[in-house]
Amino acid sequence: MTLVLDGVSKAVGSEIHIHPTSLTLEKGTMNVLLGPTLSGKTSLMRLMAGLDKPASGRILWNGSDVAGVAVRNRDVAMVYQQFINYPGMTVYENIASPLRLKRVPRDELDRRVRATAELMKLDERQLRRKPLELSGGQQQRCALARALVKEAGLVLLDEPLANLDYKLREELRAEIPKIFEESGAIFVYATTEPHEALLLGGNIACLWEGRITQFGKTPEVYRRPVDTTTARVFSDPPMNFLRITKTGETLNFGEHQSVAAVGTLARLPDARYLAGFRPNHLHVRRQEVAGEVLTFHAAIAGTEITGSESFVHLDHAGERWVAMARGVYDMAGGDVTEVYADARHVFVFDENERLVQTTALGRAA
Amino acid sequence: MAKITLQDLAHSYFPNPMEATDFQLKPSINHEWEDGEAYALLGPSGCGKTTLLNIISGLLVPTRGRVLFGERDVTELPTAERNIAQVFQFPVVYDTMSVYDNLAFPLRNNKVAADHVDKRVHEIAQMLDLGAQLDRKARGLTADAKQKISLGRGMVREDVSAILFDEPLTVIDPAMKWELRTQLKELHRQFGHTMIYVTHDQTEALSFADKVVVMLDGEVVQLGTPQELFERPTHTFVGYFIGSPGMNVLPARIEGSSALVGGHEIPLGRSFSAVDGSEAELGVRPEFTRLNSAREGLPVNIRRVEDVGSHKVVRAEFDGRQVNAIVGEDIEIGADMTHVRFDAEAAHVYANGWIVDSDQRRRRAAGGAH
Amino acid sequence: MEKTPNQRAWFMVLPVLILVAMNAVIPLMTVVNYSMQEVFYGTYSFVGPRWYIDVLHSERFHSSLIRQLIFTGTILAIEIPLGIAIALAMPRRGFWASVCLVLMSLPLLIPWNVVGAMWNIFALPDIGLLGYGLNWLGIPYDFTQDPAAAWFTVVLMDVWHWTSLVVLLAYAGLQSIDENYYRAAQIDGASRWAVFWYIQLPKMSHVLTIAVLLRFMDSFMIYTEPFVLTGGGPGNTTTFLAIDLVKTALGEQDLGNAAAVSIVYFLMILLASWLFYTITMQRKSR
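Protein chains in written order, with this note's numbering: chain F, 1 to 365; chain W, 1 to 370; chain B, 1 to 286.
Careful: at least some of the hints might be erroneous.
Stated by the list, open to error - Here are the simulated BS3-like cross-link-like pairs (lysine-lysine), alpha carbons at most 27 Å apart as the crow flies: (1) F/K150 / F/K130; (2) F/K150 / F/K121; (3) W/K312 / F/K178; (4) W/K26 / W/K312; (5) F/K217 / F/K246; (6) W/K137 / B/K203; (7) F/K102 / F/K27; (8) F/K102 / F/K130; (9) W/K312 / F/K217.
Hints listed in this document are in silico derivations from the structure and should not be mistaken for laboratory results.
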């Protein structure tokens with residue numbers, strides 16, 4: 001089972017929602033679409049489902065072009081952000097509905113409905129109620145069950161957890177990988193949260209303004225974003241950036257400030273670059289970093305203490321930076337302090353915003 | 001700006017509430033909101049936090065009890081007379097007006113002089129980074145800009161005693177959430193209003209607030225700083241709700257200064273005579289659960305390792321129960337890492353869900369100033 | 001949402017197409033045909049666009065048109081604000097809300113010629129409650145003789161008949177406004193007027209556009225009620241376009257003339273609707 005998008009694009013009037021995109025999704029893979037709202041995630045999923053026709057390009061399912069095939073004849077299931085269930089039917093009937101349409105015999109239908117309900121942790125009592133009588137989390141479980149019972153080859157989930165409480169979201173999210181492994185279908189999961197993307201694993205496609213900036217295995221894309229856009233999309237808290245020029249052994253950045261180019265950074269050709277590092281690699285306490293560091297001075301703009309960690313907001317040469325400290329870090333605003341960027345985890349982008357070098361995990365470009 | 005006091009508060013949506021379950025806010029809630037502090041009201045859906053917020057703002061009159069602003073009893077007073085501002089979950093802007101007019105609206109309704117209105121609007125717009133958009137119509141703006149306008153309308157009045165937020169960042173993208181949260185904190189620092197922020201998102205609550213009120217089923221479960229809630233949750237629910245993942249809770253039997261978990265001895269470094277010899281629960285956060293290859297502590301089966309970028313979450317199992325541990329991002333999980341050790345000071349004892357004070361702590365409290 | 005093409009759908013639509021063809025398209029073609037002929041007791045002679053030229057210069061047509069425009073303008077100016085005001089006054093929830101909705105629907109359920117007849121009797125100066133009452137109060141009122149009184153009665157009748165439609169549409173528009181807007185307005189200290197002007201009216205605008213369109217079109221074609229009430233009189237003071245058209249076609253048997261008037265009439269309404277549609281679409285996309 002493979003889904004191939006070949007040069008697929010979508011436009012509404014003169015607005016281009018999806019630029020010509022090619023993508024190949026293999027059987028049994030979890031694929032995450034990550035991007036801010038209006039970046040094209042939903043548009044792309046609707047094209048995959050067949051709810052919209054592409055303005056150009058082809059969509060191939062198992063090698064054959066599916067243009068013109070009605071949605072209900074396609075091997076696809078979809079779950080939405082709003083818990084969409086048939087309000088007049090019980091949960092049992094909701095889950096059974098796709099099977100009834102296929103005229104599955106009663107015994108098998110009952111077996112499959114109950115198996116899926118158990119997988120989604122819906123008990124006997126809940127099966128007999130109407131969806132609107134259940135809590136938000138349970139309604140979404142019902143919608144998920146209805147999508148899964150079909151055993152479709154392609155399962156599309158459009159930010160399914162976005163309307164749930166934080167903790168409920170965590171719980172359901174922990175169950176999704178299990179469900180995915182059991183089903184063996186192609187899963188496509190859209191989300192705006194980088195955190196969620198990392199937790200789900202599999203492959204990831206970063207979207208920005210209708211384009212896929214990078215597609216690959218999630219840890220790969222996280223550790224080696226090909227350009228600053230991908231780095232920005234796949235970062236929460238936002239990535240810290242710094243404009244630098246490299247001359248000889250030093251990295252210079254505005255206002256006569258410079259830092260020794262250490263480690264693999266020393267091997268870069270002399271030019272202008274954009275350096276990026278994630279907040280968890282920017283430290284306010286020297287002891288929290290092992291190995292070489294780049295030392296900067298920055299003014300503390302404020303701290304957010306969450307108990308397990310603190311986010312320190314810094315002003316550096318006109319840029320806003322965020323550093324992460326373990327536990328509680330309570331320093332007054334306005335103080336200037338030394339901050340340390342872990343030299344092992346710096347991204348260097350050239351003037352076209354493409355990744356030139358990453359020192360992450362010591363691998364050079 | 002004043003202190004807000006809740007006295008003997010309770011609320012029910014039924015006309016004749018009889019049992020505790022009829023109440024949305026269980027009797028009785030007594031609480032003081034200090035002037036100028038930033039509070040978060042944290043809890044799952046249905047815990048009553050929005051109801052409490054609406055009682056404070058005046059959109060709801062409580063079934064029982066009183067609300068005081070300073071010395072003034074405002075329980076029956078309508079919202080407009082309480083001098084509070086509220087920001088809702090979905091941005092509320094006047095579509096037909098420009099951004100400038102939106103911000104000026106509350107002031108103009110109070111018949112403030114035109115040049116003063118102008119000054120205030122520009123001040124607030126600058127704080128919220130809306131200066132460039134003052135002349136644009138409010139209709140076509142992005143969700144976060146609209147929320148900023150909602151917030152700005154709340155702040156533009158100088159007589160505002162408190163600003164209430166009802167899950168205001170729900171519709172905002174994660175990237176913008178950061179900016180807005182930072183701006184909110186700065187606004188708080190600069191203007192010093194009392195701020196009460198309702199959310200179900202613990203990250204938002206903990207990073208924004210000086211003090212957090214955790215609610216469950218219409219009751220206040222714990223009130224404390226983010227650090228207190230993190231290091232010493234007084235109820236297993238708080239341990240579960242705060243922290244990602246939440247606290248590990250294991251059934252244990254307290255013997256002397258150790259806990260026996262499934263036959264394994266976990267040293268606690270202090271005694272709990274109140275529950276000695278009886279069944280209780282041991283609660284330790286994953287941040288203090290150390291995966292090790294030295295066979296120290298509990299033997300566990302690792303089910304899954306989740307790489308979250310800045311750290312890894314190890315989901316393991318002991319005796320049918322989930323035990324999670326947090327491990328640094330550069331640490332490789334070896335096959336020989338079969339045990340978890342708990343930091344003794346971070347391990348807490350709970351009975352019926354509530355924390356049990358150690359003997360040492362009790363002695364300190366009794367011996368201290370009374 | 002784009003649908004994938006399904007040719008079988010055309011077969012489903014075919015019966016309707018045939019019906020529409022028979023009931024609308026073919027008669028329309030017939031009328032166009034007539035409009036180009038001189039009909040004289042069964043003989044037809046083709047005269048081309050002569051009727052159209054005549055009609056467009058006709059004094060009679062002009063005065064009917066002007067009367068029609070004044071009528072439409074007047075009832076729009078009354079019914080829209082009045083409808084909005086009533087909708088605002090109606091309760092949003094509970095038992096009385098349902099009662100009000102039913103009361104509002106009643107005028108819309110009465111057959112139009114019955115409406116005309118009702119008002120005819122109601123306004124009669126000797127036995128009608130309105131007619132007699134007004135005269136008793138000292139206001140000289142006789143709609144059968146006095147054009148001003150006739151206009152007054154016709155407008156009043158239309159307002160009574162159709163304001164409910166505006167009320168129901170405006171009410172539906174009001175119901176869709178999120179509670180939080182009112183709460184925010186409360187907190188902002190907004191006056192009742194400000195709430196109406198800045199929240200309610202803008203959010204009702206889409207529905208109100210539909211109401212205006214419906215009322216415009218219906219009133220522009222009005223026939224039954226004024227015909228039953230005044231017959232177009234006294235004289236021709238309340239002879240609106242449709243009434244005049246029927247007089248020409250059936251009364252005077254002047255089919256060519258009438259056909260041309262029909263086509264011109266049709267094109268006017270088409271133009272107005274198209275203008276309306278374009279303006280609404282433009283506002284939506286902005």
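Which numbered hints are broken by the structure, listed smallest first?
Violated hints (numbers, rising): 4 and 5; every other hint is consistent with the structure.
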